[in-house]
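First to last, the sequence lines map onto chains A and B.
Under the UniProt record's numbering, the first residue of the first sequence carries the number 1, and numbering increases by one thereafter.
Under the UniProt record's numbering, the first residue of the second sequence carries the number 1, and numbering increases by one thereafter.
In short, the hints are calculated from the structure, not lab data.
Note that this is a predicted model, so its numbers are computed, not measured.
Among the hints, erroneous ones may be present.
[Claimed, not checked] Here are the simulated lysine to aspartate or glutamate pairs, EDC-like style, with alpha carbons at most 16 Å apart: (1) A:Lys96 / B:Glu140; (2) B:Lys116 / B:Glu130; (3) A:Lys19 / B:Glu11; (4) A:Lys96 / B:Asp111; (5) A:Lys67 / B:Asp22; (6) B:Lys74 / B:Asp138; (7) A:Lys67 / B:Asp131; (8) A:Lys83 / B:Asp35; (9) A:Lys96 / B:Asp138; (10) B:Lys53 / A:Asp95; (11) A:Lys99 / B:Asp138; (12) A:Lys83 / B:Asp33; (13) A:Lys67 / B:Asp111; (14) A:Lys86 / B:Glu140; (15) B:Lys78 / B:Glu63; (16) B:Lys74 / B:Glu126; (17) A:Lys83 / A:Asp38; (18) B:Lys124 / B:Glu164; (19) A:Lys96 / B:Asp131; (20) A:Lys86 / B:Asp35; (21) A:Lys99 / A:Asp75; (22) B:Lys162 / B:Glu63; (23) A:Lys67 / A:Asp38; (24) A:Lys67 / B:Asp138; (25) B:Lys2 / B:Asp22; (26) B:Lys2 / B:Glu63; (27) A:Lys83 / B:Asp34; (28) B:Lys92 / B:Glu164; (29) A:Lys72 / B:Glu140; (30) B:Lys166 / B:Asp138; (31) B:Lys70 / B:Asp33; (32) A:Lys72 / B:Asp111.
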Amino acid sequence: MILQTSPLNNALVATVQIKEGNMALADEFKTELLTLIDNGNQYIIINFEHVIYVDSSFLGALVSALKHAMNKGADIAVVGLNKDIKSLFQLVRLDKVFKIYTSAQQALNGA
Amino acid sequence: MKKFIFNNETEGIYPLTLQITDYIKNIAKHLIDDDVSFRIRTILIELLTNSLKHHNDHVTQIEVSLKNNKLYLKKLDKGNPLQIKTTHDLLKWPLPAGTPAKSEIAVYGDDFGTLKGRLKNSNKLEFYTEDVNLQYVDREVINGLNEHYGLMIITRASDVFKYEYKPGTGANNFTSIIQLGN
Chain A
1 MILQTSPLNN
11 ALVATVQIKE
21 GNMALADEFK
31 TELLTLIDNG
41 NQYIIINFEH
51 VIYVDSSFLG
61 ALVSALKHAM
71 NKGADIAVVG
81 LNKDIKSLFQ
91 LVRLDKVFKI
101 YTSAQQALNG
111 A
Chain B
1 MKKFIFNNET
11 EGIYPLTLQI
21 TDYIKNIAKH
31 LIDDDVSFRI
41 RTILIELLTN
51 SLKHHNDHVT
61 QIEVSLKNNK
71 LYLKKLDKGN
81 PLQIKTTHDL
91 LKWPLPAGTP
101 AKSEIAVYGD
111 DFGTLKGRLK
121 NSNKLEFYTE
131 DVNLQYVDRE
141 VINGLNEHYG
151 LMIITRASDV
161 FKYEYKPGTG
171 ANNFTSIIQL
181 GN
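The shape of chain A in the complex, shown without the other chains (with noise of 0.2 Å):
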């Protein structure tokens, strides 16, 4: 499991296990994040505080999970993203999508 889960007030927190968000963990991260909006989750907040970087790979799958938990009505937020994840969310003008918060607490107030 790439994701360990726990449930934060009305919020799920999802925190990434793996310390190097790469092409051979993307397919395995989507699905599993594909599953807990599936089951019902409304608002995901995914913490990267133990991840070093992520390549085009995992924000791909990120990106599909956005689209489809928008489309059943859930939200994603991300947390804990050290200062080279948060300049790729920026080069690649994810920051404008993403809701980024520093941390689970900040993100569940943001909601």
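Following the hints, position chain B against chain A.
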């Protein structure tokens, strides 16, 4: 010029990225700030990931050179040549002889911008992006988002990013150039 060999295994991506970045910091210490360092790491991760997708069991070589304050990151492999599926065609390198030079193709894009390529000749392509300063993001924009970011990331992180196919050897060369300092 310094050569590095990538074994085309996922586990090797990050260690090699750090190794090459450290080498560059050593040869151009005063020219590498945090932003440039991020750009180098990002380009290397995507170049190596691109190799994993297309390498066909061949090894990949990364060449690093510094000339006139320009950093060259070149990836060479003999995997599958570049293929780009545009709206109308599937372009496979080498392109047919007689392909008009300076033709522009849209590689992929969404409401935030488009990755484009400018053909230099039937073997060379230079990537660039056309960006849109989108003010409002709604569900329609999100549903239309591109999910392929590899070449887009390298193009945006580079000052110049180009591809060349070598017909004689079947080699693919991707070259990213970063201007360091002024």
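Taking the hints in turn, this is what the structure says about them:
no. : hint                : verdict
1   : A:Lys96 / B:Glu140  : 14 Å, holds
2   : B:Lys116 / B:Glu130 : 7 Å, holds
3   : A:Lys19 / B:Glu11   : 11 Å, holds
4   : A:Lys96 / B:Asp111  : 12 Å, holds
5   : A:Lys67 / B:Asp22   : 38 Å, violated
6   : B:Lys74 / B:Asp138  : 39 Å, violated
7   : A:Lys67 / B:Asp131  : 22 Å, violated
8   : A:Lys83 / B:Asp35   : 10 Å, holds
9   : A:Lys96 / B:Asp138  : 11 Å, holds
10  : B:Lys53 / A:Asp95   : 27 Å, violated
11  : A:Lys99 / B:Asp138  : 13 Å, holds
12  : A:Lys83 / B:Asp33   : 14 Å, holds
13  : A:Lys67 / B:Asp111  : 15 Å, holds
14  : A:Lys86 / B:Glu140  : 24 Å, violated
15  : B:Lys78 / B:Glu63   : 15 Å, holds
16  : B:Lys74 / B:Glu126  : 14 Å, holds
17  : A:Lys83 / A:Asp38   : 31 Å, violated
18  : B:Lys124 / B:Glu164 : 4 Å, holds
19  : A:Lys96 / B:Asp131  : 13 Å, holds
20  : A:Lys86 / B:Asp35   : 12 Å, holds
21  : A:Lys99 / A:Asp75   : 9 Å, holds
22  : B:Lys162 / B:Glu63  : 14 Å, holds
23  : A:Lys67 / A:Asp38   : 13 Å, holds
24  : A:Lys67 / B:Asp138  : 11 Å, holds
25  : B:Lys2 / B:Asp22    : 13 Å, holds
26  : B:Lys2 / B:Glu63    : 6 Å, holds
27  : A:Lys83 / B:Asp34   : 10 Å, holds
28  : B:Lys92 / B:Glu164  : 12 Å, holds
29  : A:Lys72 / B:Glu140  : 14 Å, holds
30  : B:Lys166 / B:Asp138 : 44 Å, violated
31  : B:Lys70 / B:Asp33   : 14 Å, holds
32  : A:Lys72 / B:Asp111  : 22 Å, violated
Checked against the numbered hints given earlier, this structure breaks hints 5, 6, 7, 10, 14, 17, 30 and 32; the rest are met.
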